[in-house]
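Please put together the full structure from these sequences, using the hints given.
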Amino acid sequence: MGSGASAPLAAATKEASAGDLKAVLSAMSEVDRKKIQTALDSSSGGGGGVTAAVLAKQNSETSQAILEAFKEDDHFKKVSERLCKEIIQRDTEDGEKLAKGITLAVEKGVLPKDVTVEPTKKISVSGKAAEAVAGEIIAALGDAPSKGCVMVLQGLSGTGKGTTVAMLKEKLPNAQTWSNGNIFRALTLLAVTYSENEKCELADALKPEKLAEFCGMLEFDKFGKDFFDVKIEGLGMKHFVSEVEKTVLKDSKVAKNIPTIAEVTQGEVVKFVSIALDKMAAAGINVLVEGREQTLNHLRTPHRFELVLDDTSIIGKRQAALQAGGIAWEQVGKSATATDAEVKAGIVAALAKLAA
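In our numbering, the protein residues as written are 917 to 1272.
In case anyone wonders, no lab produced these hints; they're calculated from the structure. Heads up, some of the hints might be wrong.
Unchecked claim - Okay, derived cross-link-like pairs now, EDC-like style, lysine to aspartate or glutamate, Cα gap no bigger than 16 Å in a straight line:
#, residue 1, residue 2
1, Lys-1038, Asp-1227
2, Lys-1013, Glu-1179
3, Lys-1044, Glu-984
4, Lys-1087, Asp-1059
5, Lys-1126, Glu-1149
6, Lys-987, Asp-1227
7, Lys-1024, Glu-1129
8, Lys-1172, Glu-1117
9, Lys-1037, Glu-1209
10, Lys-1044, Asp-1226
11, Lys-1169, Glu-1112
12, Lys-1044, Glu-977
13, Lys-1138, Glu-1149
14, Lys-1123, Glu-1023
15, Lys-1013, Glu-1209
16, Lys-1147, Glu-1161
17, Lys-1195, Asp-1142
18, Lys-1187, Glu-1129
19, Lys-1195, Asp-1145
20, Lys-1087, Glu-1052
21, Lys-987, Glu-997
22, Lys-1024, Glu-1125
23, Lys-1138, Glu-1159
24, Lys-1085, Glu-1047
25, Lys-1037, Glu-1222
26, Lys-1162, Asp-1145
27, Lys-1187, Glu-1023
28, Lys-1087, Glu-1047
29, Lys-1038, Glu-1222
Have a look at this one:
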């Protein structure tokens, strides 16, 4: 439900009773209205642990609280099952695309055909908070963070990689996250600029020898600064990514061509990133990299982890709780003083909307 639809509910719940909420939600279908009515009538102190304070956090704690409180709700089950299937299917499709990109890189000679991947420590995240998962990784890293290291983290979508990396960044000294996005954007800028200068098709700029030239126009170093940066120099341009990442690299001619470029430059990017990560670690930085197994296998580090779930259905449940929490927060007018009954009504209504 958008902000327009949430406004009436927000107004009604400002100082509202359960009866006020029932009136506001009366426009919904009879089935959904009965569900909300039942939830409100049976509410004696809240939404099963989901208070306004918890809802306001909009983080993993919020999702976990909603999951626990509504795991038996029919709408929650329906949404969870659908999202789980969608996420797993998307992961499979993304994995296949990445595998093709890596195969192409091997055929071009950009990446080696055979790689020896260091042992990967599997960490079960079932029933664990992000802080506990991060704690296990930190324990396994030993004294490596005191010197600087590269840590890679893989796992299915929904296992909490992003949340875990964010937690690690808070807890580890001199830690930085790494994203390949700007490297793909830089290569896209060079390929598009070449095709414009030469008045040729973009496909002509994607030939292996041309991509090799473009990679030679990228350099990773400090360049006299107190932080690492990527310099783009060639084809009449000279940019530092830190200075143009929100302007030149976000230009529409770059954005619309990224998928085409990314499809054929997986190997080039992985090779560039591997060199960059080694430089950062040597400088005492703890670099945190999350991603897909297909590409991470080509980054050399002994610090490898994979987040796994004992039951993959939790992926859909977490996503359902995340989405419901976001909608419910809008429905209560982003009010940290919303009553427990209002919060519960908001979540029930959100789940009904998602299940429709």
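The hints, checked one at a time:
Between Lys-1038 and Asp-1227 the alpha-carbon distance is near 15 Å, which keeps this suggested pair within the 16 Å criterion. As the CA atoms of Lys-1013 and Glu-1179 are separated by approximately 8 Å, the hinted pair is consistent with the 16 Å bound. Restraint check for Lys-1044 and Glu-984: the C-alpha separation of about 13 Å stays at or below 16 Å, so the hint holds. For the hint pairing Lys-1087 with Asp-1059, the CA-to-CA distance comes to about 14 Å; that is within 16 Å, so the pair holds.
For a cut-off of 16 Å, the pair hint linking Lys-1126 to Glu-1149 stands: about 15 Å separates their Cα positions. For the hint pairing Lys-987 with Asp-1227, the CA-to-CA distance comes to about 14 Å; that is within 16 Å, so the pair holds. Straight-line distance between C-alpha atoms of Lys-1024 and Glu-1129 comes to about 14 Å, which keeps the hinted pair within the 16 Å bound. Annotation: proposed proximity of Lys-1172 to Glu-1117 holds, straight-line Cα distance about 15 Å (limit 16 Å).
A C-alpha spacing of about 13 Å is found between Lys-1037 and Glu-1209, which places the hinted pair at or below 16 Å, so the restraint holds. For the proposed pair Lys-1044 and Asp-1226, the alpha carbon gap of about 12 Å is at most 16 Å, so the pair holds. Between Lys-1169 and Glu-1112, the direct Cα distance comes to roughly 11 Å. Compliance with the 16 Å bound is thereby established for this hinted pair. Between the alpha carbons of Lys-1044 and Glu-977 the distance comes to roughly 11 Å, so the proposed pair stays at or under 16 Å and holds.
Between Lys-1138 and Glu-1149, the direct Cα distance comes to roughly 15 Å. Compliance with the 16 Å bound is thereby established for this hinted pair. With a C-alpha separation of about 13 Å, the suggested pairing of Lys-1123 with Glu-1023 holds against the 16 Å cut-off. A distance of roughly 12 Å separates the Cα atoms of Lys-1013 and Glu-1209; the hinted pair therefore holds under the 16 Å criterion. With a C-alpha separation of about 12 Å, the suggested pair Lys-1147 and Glu-1161 falls inside the 16 Å cut-off, and the hint holds.
With a C-alpha separation of about 14 Å, the suggested pair Lys-1195 and Asp-1142 falls inside the 16 Å cut-off, and the hint holds. Simply put, Lys-1187 and Glu-1129 have alpha-carbon atoms about 14 Å apart, close enough for the 16 Å limit, and the pair holds. Simply put, Lys-1195 and Asp-1145 have alpha-carbon atoms about 11 Å apart, close enough for the 16 Å limit, and the pair holds. Between Lys-1087 and Glu-1052, the direct Cα distance comes to roughly 12 Å. Compliance with the 16 Å bound is thereby established for this hinted pair.
Using a Cα cut-off of 16 Å, the hinted pair Lys-987 and Glu-997 holds, with the two alpha carbons roughly 12 Å apart. For a cut-off of 16 Å, the pair hint linking Lys-1024 to Glu-1125 stands: about 10 Å separates their Cα positions. For a cut-off of 16 Å, the pair hint linking Lys-1138 to Glu-1159 stands: about 14 Å separates their Cα positions. Of the supplied pair hints, the one linking Lys-1085 and Glu-1047 holds, its CA atoms being roughly 11 Å apart against a limit of 16 Å.
Between Lys-1037 and Glu-1222, the direct Cα distance comes to roughly 6 Å. Compliance with the 16 Å bound is thereby established for this hinted pair. With a C-alpha separation of about 14 Å, the suggested pairing of Lys-1162 with Asp-1145 holds against the 16 Å cut-off. Of the pairs offered as hints, the one joining Lys-1187 and Glu-1023 holds, with about 14 Å between alpha carbons and a cut-off of 16 Å not exceeded. Distance hint between Lys-1087 and Glu-1047 is fulfilled; the C-alpha atoms sit about 9 Å from each other, no more than 16 Å.
Restraint check: the Cα-Cα separation between Lys-1038 and Glu-1222 comes to about 5 Å, which is no more than 16 Å; the hinted pair holds.
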